[in-house]
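Each chain, letter by letter, is given below.
There are 2 protein chains.
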Amino acid sequence: MVINAMERIMKDLLDEYKNHLQLNCTCNDCLDDILALTLNKTKPRYIAKVEKITYVKAEFIDKQELTSLLVKLAECAKIVSDKPQCQSDKKEVDSNHMSYL
Amino acid sequence: MVINAMERIMKDLLDEYKNHLQLNCTCNDCLDDILALTLNKTKPRYIAKVEKITYVKAEFIDKQELTSLLVKLAECAKIVSDKPQCQSDKKEVDSNHMSYL
Chain A
1 MVINAMERIM KDLLDEYKNH LQLNCTCNDC LDDILALTLN KTKPRYIAKV EKITYVKAEF
61 IDKQELTSLL VKLAECAKIV SDKPQCQSDK KEVDSNHMSY L
Chain B
1 MVINAMERIM KDLLDEYKNH LQLNCTCNDC LDDILALTLN KTKPRYIAKV EKITYVKAEF
61 IDKQELTSLL VKLAECAKIV SDKPQCQSDK KEVDSNHMSY L
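So the sequences go chain by chain: A and B. full-length UniProt numbering puts the first residue of the first sequence at 1, with every later residue one more than the last. full-length UniProt numbering puts the first residue of the second sequence at 1, with every later residue one more than the last.
Wrong hints could be hidden among the right ones.
One copy or any two copies: either way a pair holds, since identical chains are not told apart in the list.
As the list claims (entries may be wrong) - Taking lysine to any residue pairs in the SDA-like style, the calculated list, with each CA pair at most 25 Å apart, reads:
1) Lys63 <-> Asn28
2) Lys63 <-> Cys27
3) Lys52 <-> Gln22
4) Lys83 <-> Ile3
5) Lys43 <-> Gln87
6) Lys78 <-> Ala58
7) Lys41 <-> Lys72
8) Lys83 <-> Met1
9) Lys57 <-> Asn24
10) Lys63 <-> Asn24
11) Lys57 <-> Asp82
12) Lys63 <-> Gln85
13) Lys52 <-> Asn19
14) Lys83 <-> Ile61
Since the hints were made in silico from the structure, they are not lab data. Just so you know, these numbers come straight off a predicted model, no measurement behind them.
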């Protein structure tokens with residue numbers, strides 16, 4: 001089994017900062033959309049052993065690295081928040097809403 | 001929950017082609033190392049709904065796209081195969097062996 005360490009790191013960041021991102025919707029679908037979009041814009045850091053996640057996390061103690069992740073997260077939060085897909089699911093399916101994934 | 005569709009696609013490719021990659025070792029640790037290394041060199045395609053994996057898989061019906069994935073897989077298989085980490089775990093830990101992850 002392999003794990004993208006960035007998946008855990010970004011999930012933790014989203015949990016920590018979601019109340020500061022001015023989200024129109026904080027349902028699980030929208031949070032997952034933000035996470036998926038952010039991870040698509042972030043270089044993956046796959047590890048084959050879960051213990052090694054600490055090495056990757058250590059890199060983001062650096063304030064500059066952490067800030068660049070937060071900027072990506074905020075940008076993606078805005079994209080999802082401007083057009084929440086969870087609401088489009090309830091209405092008619094519009095393929096444009098799927099364009100960001 | 002979010003999933004990197006490339007993780008599934010690359011895992012399937014590795015399972016299909018592992019006997020043609022001239023691997024020195026085909027233990028699970030080495031296969032995971034190949035997978036992790038290949039995924040680190042591949043643009044992630046995170047999806048928030050597992051049903052959407054089909055859309056991503058459809059892109060790789062294209063022979064050229066599939067070939068580029070196979071080339072990456074073969075390159076990473078060679079790197080891992082030249083220096084299998086599973087054997088180094090049994091010997092003394094050598095940090096150079098960790099350099100590719």
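Hints the structure fails to honour = The structure conflicts with hints 1, 2, 3, 5, 6, 9, 10, 11, 12, 13, 14, although it agrees with all the remaining ones.
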